[in-house]
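Engineer: For the sequence shown, UniProt numbering assigns the number 1 to the initial residue and increments by one for each residue that follows.
If you're looking for bench data, these hints aren't it; they were derived computationally from the structure.
None of the values given here were measured: they were computed from a predicted structure.
Cβ coordinates follow ideal geometry from the N, Cα and C atoms, glycine included.
Incorrect hints may appear among the rest.
Computed list of lysine-lysine pairs in DSBU-like fashion (alpha-carbon distance at most 35 angstroms, straight line) [said to hold, decoys possible]:
id, residue 1, residue 2
1, Lys-398, Lys-432
2, Lys-151, Lys-393
3, Lys-361, Lys-303
4, Lys-76, Lys-244
Quick list of simulated restraints, FRET-style, between CB atoms [as the list claims (entries may be wrong)]:
id, residue 1, residue 2, range
5, Leu-91, Ser-31, 50 to 60 angstroms
6, Thr-93, Leu-316, 14 to 24 angstroms
7, Asp-269, Gly-369, 48 to 58 angstroms
8, Leu-67, Leu-316, 26 to 36 angstroms
9, Pro-113, Asn-176, 51 to 61 angstroms
10, Arg-42, Ala-95, 17 to 27 angstroms
11, Ser-205, Leu-366, 31 to 41 angstroms
12, Asp-94, Lys-154, 23 to 33 angstroms
13, Lys-76, Val-421, 31 to 41 angstroms
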Amino acid sequence: MVAQCQTKTNSGRLIAIGCNYEPWIALLEQSGWKTHCCYDLRTADSILEEYSPCICIVDLSNNDFSLNSISLRANKTKQVKWIAIIKKEQLQTDAICQFINNFCVDYFTVPIPSSQLLDTIGHQLGMLEIESSSWVEITSKHDMGLFGESKSIKQLRDMVRRVAATEVNVFLTGENGTGKELIAKSVHNLSKRKNVPFISVNCGSLAHDDKKMAFLRASSPSQEDEKSTFNGTILLDNVEELSKELQDELLAYLQTSSGDSLNDDSCCDVRIVASSSSDLESAVANGEFSKELYYRLNVFHIKVPTLRERGSDIFLLAEKFLAKFANEYSTMASSFSDDSKQLLLRYSWPGNVRELINQVKRAALLAEGNEVRAEHFDLPSKANLKQSLRNIKDEAEKDVLMAVLETHRGQVASAAKDLGVSRATMYRLLNKHNIVPDVRHYNNSYMQE
Numbered sequence: 001m002v003a004q005c006q007t008k009t010n011s012g013r014l015i016a017i018g019c020n021y022e023p024w025i026a027l028l029e030q031s032g033w034k035t036h037c038c039y040d041l042r043t044a045d046s047i048l049e050e051y052s053p054c055i056c057i058v059d060l061s062n063n064d065f066s067l068n069s070i071s072l073r074a075n076k077t078k079q080v081k082w083i084a085i086i087k088k089e090q091l092q093t094d095a096i097c098q099f100i101n102n103f104c105v106d107y108f109t110v111p112i113p114s115s116q117l118l119d120t121i122g123h124q125l126g127m128l129e130i131e132s133s134s135w136v137e138i139t140s141k142h143d144m145g146l147f148g149e150s151k152s153i154k155q156l157r158d159m160v161r162r163v164a165a166t167e168v169n170v171f172l173t174g175e176n177g178t179g180k181e182l183i184a185k186s187v188h189n190l191s192k193r194k195n196v197p198f199i200s201v202n203c204g205s206l207a208h209d210d211k212k213m214a215f216l217r218a219s220s221p222s223q224e225d226e227k228s229t230f231n232g233t234i235l236l237d238n239v240e241e242l243s244k245e246l247q248d249e250l251l252a253y254l255q256t257s258s259g260d261s262l263n264d265d266s267c268c269d270v271r272i273v274a275s276s277s278s279d280l281e282s283a284v285a286n287g288e289f290s291k292e293l294y295y296r297l298n299v300f301h302i303k304v305p306t307l308r309e310r311g312s313d314i315f316l317l318a319e320k321f322l323a324k325f326a327n328e329y330s331t332m333a334s335s336f337s338d339d340s341k342q343l344l345l346r347y348s349w350p351g352n353v354r355e356l357i358n359q360v361k362r363a364a365l366l367a368e369g370n371e372v373r374a375e376h377f378d379l380p381s382k383a384n385l386k387q388s389l390r391n392i393k394d395e396a397e398k399d400v401l402m403a404v405l406e407t408h409r410g411q412v413a414s415a416a417k418d419l420g421v422s423r424a425t426m427y428r429l430l431n432k433h434n435i436v437p438d439v440r441h442y443n444n445s446y447m448q449e
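Please take these sequences and the hints and turn them into a complete structure.
Structural biologist: Here is the structure:
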């Protein structure tokens, strides 16, 4: 059921699954909502995808739907406020209680208290409007780092939105070229510090003999003024390249409540985002990087996905970059030929988004007409085709396994049943992808949410 609220001040969307035309629906319509019932889950999927952010009311009182199917859909949606309708006796059912606890902002028992439901929906509509403003900012201003529709990039957007609202230090890891600096900028611009400076410092370029927190002094907007104050966000890029001396300086800063002890004449109110493309845990184990500093920086870890993990996002990004460069270089290139699309999707992209940008820039310059063809890219046309297709299939298979395990909280037997395979086959697939289901991990994840 889709409903659109068209009051004097608000507009919103309401999806209701499995609901009959009841008095509370009539009350919603009288208050300005248009209501339409939806019983088919495939239709609900398309509506949820098209109209998110939205509110979804699901009627579980008649047991018309598999709770696992509803849970799977609720787990995939990050901008949907779920409200459950149940019978009072269903509160004695653990699965129902877990669903409400994990996914719902509220629930109502039949018969529905219409006025209370209307108040709840109105409040959640207001919450959606507040949250949506943050998502608009993410997707419009910083989409080069967070643009895409793959599962991995949606999860990344969600983590960025959540951590940006806090003041904790963030640790970004990922291969070269994945866009870690763009993610750091998104964290900054979605935080309360968005109106103060964001400074990126390459730790490999810092002087190893500088004793006064070189990265803070180097990033100060007024280096000549010894009493200047820097309030902002600093990205410590390639943090693994900090010298031992600067590691000690940074640790000393993090161990104090302010930066005053580092320099009597300056004051810093800084949020630190650190990034690394190397295995910093191994560096800690080898004594090359301070263990205490590592744990101080790694308060909230974000692993930035590789481009090959993002599936069809590759082509979405390519289209976006092509439009940008065609405009920048005044070329006619506006689309990709079929062979160029196949080439983009099957290539493994070891250089990630940075490599894609360079390749699309080259193609935009070489294309003589409207269409970009495969020969305009400096990429192998047929090499590793079978391997690339196998990688795409394996990544998709792994994503499905992880999603189903998450839905079933790590329970292999129930996950296998949902997939329609035997437990033996399920374990074989888990071993193939090195997935070790940990029931405690999934339970803790749900409790934290």
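Engineer: Determine for every hint whether it applies to the structure shown.
Structural biologist: Consistency of the hints with the structure:
1. Lys-398 x Lys-432: Since the Cα atoms of Lys-398 and Lys-432 sit roughly 9 angstroms apart, the hinted pair holds (cutoff 35 angstroms).
2. Lys-151 x Lys-393: This hinted pair holds, its Cα atoms lying about 15 angstroms apart.
3. Lys-361 x Lys-303: With a Cα-Cα distance of about 27 angstroms, the restraint between Lys-361 and Lys-303 holds, given a limit of 35 angstroms.
4. Lys-76 x Lys-244: 44 angstroms, violated
5. Leu-91 x Ser-31: 50 to 60 angstroms: Violated, at about 28 angstroms.
6. Thr-93 x Leu-316: 14 to 24 angstroms: Given a distance of about 42 angstroms, which is not inside 14 to 24 angstroms, the answer is violated.
7. Asp-269 x Gly-369: 48 to 58 angstroms: This hint holds: roughly 54 angstroms between Cβ atoms.
8. Leu-67 x Leu-316: 26 to 36 angstroms: 33 angstroms, holds
9. Pro-113 x Asn-176: 51 to 61 angstroms: The hint (51 to 61 angstroms, Cβ to Cβ) holds, given that Pro-113 and Asn-176 are roughly 56 angstroms apart.
10. Arg-42 x Ala-95: 17 to 27 angstroms: 23 angstroms, holds
11. Ser-205 x Leu-366: 31 to 41 angstroms: 34 angstroms, holds
12. Asp-94 x Lys-154: 23 to 33 angstroms: 29 angstroms, holds
13. Lys-76 x Val-421: 31 to 41 angstroms: 21 angstroms, violated
Checked against the numbered hints listed earlier, the structure breaks hints 4, 5, 6 and 13; every other hint is satisfied.
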